[in-house]
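So the chains spell out like this:
Protein chains: 2
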Amino acid sequence: MSTQFDNLTKARERIRAAYNPELLREAGHQLADRLADHLGRIESSQEKVLNWEDPAVNSQQAAEFLALFHGDDAGPQEPSDRAALTPKQQADRFAKLIDAILARGQNLQDPRYIGHQVPGSVPIAGLFDAAGSVTNQVMAIYEMGPWATAVERAMVDVLGQLIGWQAGEFSGVVTHGGSLANTTALLTARNVMLGDAWEAGAQSRGREPVLVAHTDAHYCIARAGGILGIGTNNVIRAQLDDRRRIDPNQLDETLADLRRNNRPIVAVVACACATPIGAFDPLNDIADVCARHDVWMHVDAAHGGAACVSERYRHLVSGLERADSLIWDAHKMLFVPALCAFVFYKDRSHRFETFRQDAPYLFDPSAPGLAEYDSGLLTVECTKRAAALGLWGTWSLFGKQLFADMVDVTFDMGRQFYEMLSEAADFEPLHEPSCNIVAFRYVPNKLRDASPERLGTFQLDLRRKLIRSGEFYIVPTSWQGTGALRVSIINPLTTPDHLASLMQTLREQGADILAER
Amino acid sequence: MSTQFDNLTKARERIRAAYNPELLREAGHQLADRLADHLGRIESSQEKVLNWEDPAVNSQQAAEFLALFHGDDAGPQEPSDRAALTPKQQADRFAKLIDAILARGQNLQDPRYIGHQVPGSVPIAGLFDAAGSVTNQVMAIYEMGPWATAVERAMVDVLGQLIGWQAGEFSGVVTHGGSLANTTALLTARNVMLGDAWEAGAQSRGREPVLVAHTDAHYCIARAGGILGIGTNNVIRAQLDDRRRIDPNQLDETLADLRRNNRPIVAVVACACATPIGAFDPLNDIADVCARHDVWMHVDAAHGGAACVSERYRHLVSGLERADSLIWDAHKMLFVPALCAFVFYKDRSHRFETFRQDAPYLFDPSAPGLAEYDSGLLTVECTKRAAALGLWGTWSLFGKQLFADMVDVTFDMGRQFYEMLSEAADFEPLHEPSCNIVAFRYVPNKLRDASPERLGTFQLDLRRKLIRSGEFYIVPTSWQGTGALRVSIINPLTTPDHLASLMQTLREQGADILAER
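Each protein sequence line maps, in turn, to chains A and B. Numbered per our numbering, the first sequence spans residues 1 to 517. Numbered per our numbering, the second sequence spans residues 1 to 517.
With the rest of the complex left out, here is chain A (with noise of 0.2 angstroms):
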């Protein structure tokens, strides 16, 4: 019995050291310095873009890392030393730490980083989030983070009004990533649309619904086909026009013929924008469709719910305050750190068809109004980490224009850039933007005569050298069954003479490619 005393001593011990206050001064002293000297830098183009390494032996570093200051084990003598560390001493462990972590990633704040829909976000946005990560505020009920609840809802109502909706008719809820928010509400528009379809199944009594989605829509519509019990052969792709845009009248004809063959339909799922080519849907078209066919529809506009804040773009998603429901990701075009997701509903009264359960423990008949500001009965999370921290920061210190500012710039320079691609003579813009996503491709003379297949292998090699490099970050996509390239303008930093250089670099690394061969 006294040994095991001893230990819990020696435990608690080790325990206070951990959790001392003036590590955490010393640490986050040194994290200020360390982040603003490395976003000094990498704003700077002083360091690679993507610090590429294999991922093994990234993998056994980062496992080398959990032994460097104590052996595999943690053995005996250890814990004891490691508890008469100094804070300072500790601290300085904790900085070769984020040394590591800041010297071997993707650096999405310099401006040659254009790349997936995951922005060079507002630095100091992640400080926010610090604060709620260092205290653990968290939700699923009210009383456990109840200012993480109300900032939530802050954003929530000011996001929704300006989607145009009237305070007190709609409801919203922050969940982790679009992912995440496409299928939670698409989960609400089964249970609505299907009746009995959360406590009997998605087909039981034989019925087969349907989800009818646009044709380049994300890959997380289909996957919540087939999550959502309705299975991905059952997701129909809705016709687009040259722009890759919904087709309203192919979609009356769909929603119709469906109508015919008795399918109940879950929803039409419309994009603001798709993702290969930025194309923002006509919504208004849609919705005068869905209206005549008595179809819930959604809108998935992760991107581009943004240009609700932009004087200058808000037409590109006139129409979207009539969607029933739709997602923004805070993450993406409002420039804050991954994940911080909006689920929107026209109708607020459809908040609580998402689930239709309730947990004893966590909803207390003592204080039953309470339960308004649950947010555990609104997501697939129970306990959500207060995820619009960041965003409700970044808002109080800058107001809306500073997110009006970033999506004019970036959405600029997706025009520009088509500009300075339409005038290359070696560079074929695959498409009119609509936004900052710009696909394309470089047709180098050697090549000008080359088949579709060379060419598209020639753009996904010339990437691949080029992110490697460190030079730029991109992404590849498909064109017309083969490979092209993708520009996400999602860097607010990233000027003309950025895509510029782009465009040299590509010549000059697409000029080794070809001598190599």
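Calculated directly from the structure, the hints in this document are not laboratory data. Given the structure is predicted, the values throughout are model-derived calculations rather than measurements. A couple of the hints might just be wrong.
[Unchecked claim] Pairs of lysine to aspartate or glutamate residues, derived as EDC-like cross-links and limited to a Cα-Cα distance of at most 20 angstroms, are as follows:
#, chain 1, residue 1, chain 2, residue 2
1, B, K400, B, D412
2, B, K48, B, D497
3, B, K465, B, E508
4, A, K400, B, D6
5, A, K88, B, D33
6, A, K400, B, E13
7, B, K10, A, E311
8, B, K400, A, D37
9, B, K446, B, E423
10, A, K10, B, E13
11, A, K10, B, D412
12, B, K10, A, D412
13, B, K400, A, E311
14, B, K88, A, D37
15, A, K88, B, E13
16, B, K88, A, D33
[Stated by the list, open to error] Just a few of them, taken from the derived set where beta-carbon distance is under 8 angstroms, the chain B residues facing chain A:
#, residue
17, H29
18, V380
19, K384
Glycine residues also receive a C-beta, built at the ideal position from the N, C-alpha and C atoms.
The hints should help you fit chain B onto chain A, whose structure is shown.
Positioned in the frame of chain A, the structure of chain B alone reads:
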């Protein structure tokens, strides 16, 4: 055209001010001191545990902060003024917002916080998360987050081997929360066990699958039935023994009945532990039964998985290594901030059964081997934050020993609290605890002969008064249909003195309630 150009010049100026590394530096230093000071106060109980405020009031205040520095709509003069603020001035505004966050939340590192299964987390873990948030490190595909991916894989390897598996044979991935983790694992089970459910739907061709779950399983399990198209009516409860653990004999009969009736079985869901009283299922016996009927065994080890790191408590999860799938929340008993939940599969060949798709623009044929490192193939999230950074950093700094210490201390405290309750004439523990979860009632003399309803209501009223006073944070539960009290001693700073003080405070506040009547 010149006005447009002017506007964008000003917009770029405002953006550069927001992205200024010196603002990040100033704000970071302010944050470090504020967090350390706050932590010092709350760890020594100088603040209220919960800063209770009415949700409508908090929401209104959160909305007011959005306009504090520049009015509702960021009027025309303000933006240029804002760009002209020095980083120091802007950081002072930042500090005001941080103060607002810290003054209005739940103080989980106060040792009097022993509430939901959300820990008083290791503070410095949140600083590792901050490095990820400020630089926006994400996953989905390896190249977007090479180090984030490596760190997650290193932790998957360590934890999987602690479960008892061989390196290279199992698979694991991090997702945002235990509910999503359970849903993901059960989706995999559904797809494996039902053949074509992903493509054709969960109930295609009239099949009526069931899910068999611990009666006290977390609400997310029944929800998974609703989400995955099985239907909550088809979630069958496994019967429990007198310690609220699954009874293997009754489970055997249930499965035999289902097989006789040709009902496809998605999975059996066992708990390690179940939330109400922290009961650990007899996993080896359940594994035997599942093997006999060829049924997928899933274990919700969100809370108790951490017993794997403790020599003292490893026995509680004996047989865990026989599960086909399990989840383990690092943001519970590994004491990192939310959210960091692990999903594990014993057989790594199951990892790609969850979703059966690809997204051509994500998964690049020019480097097909990399798909093995693309987390987006395994999780509902496409873009995913670097959720394992906090765990990796904390483990690297302090070794496994700290985690073992925290499990040992808090689990021991559960037993200790039980003994204190048992010895007190006016308290009633409702079960022998297996870990750090203890349900109990305060039964003052005056209520010794009260009806169960009256006594239950008294517990809920007492708790409501207690948490609003800010003296302690504990949670309500229900026991045999009426209210009771419950603690999760999920704070390694809590000592027996704090628990004695909790009992004394309940006596005093209970007397106040009884006097009021």
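Here is what the structure says about each hint:
no. : hint                 : in the structure
1   : K400(B) with D412(B) : holds, 18 angstroms
2   : K48(B) with D497(B)  : holds, 18 angstroms
3   : K465(B) with E508(B) : holds, 11 angstroms
4   : K400(A) with D6(B)   : holds, 19 angstroms
5   : K88(A) with D33(B)   : holds, 15 angstroms
6   : K400(A) with E13(B)  : holds, 15 angstroms
7   : K10(B) with E311(A)  : holds, 16 angstroms
8   : K400(B) with D37(A)  : violated, 32 angstroms
9   : K446(B) with E423(B) : holds, 19 angstroms
10  : K10(A) with E13(B)   : violated, 55 angstroms
11  : K10(A) with D412(B)  : holds, 14 angstroms
12  : K10(B) with D412(A)  : holds, 14 angstroms
13  : K400(B) with E311(A) : violated, 54 angstroms
14  : K88(B) with D37(A)   : holds, 16 angstroms
15  : K88(A) with E13(B)   : violated, 38 angstroms
16  : K88(B) with D33(A)   : holds, 15 angstroms
17  : H29                  : holds, 5 angstroms
18  : V380                 : holds, 5 angstroms
19  : K384                 : holds, 7 angstroms
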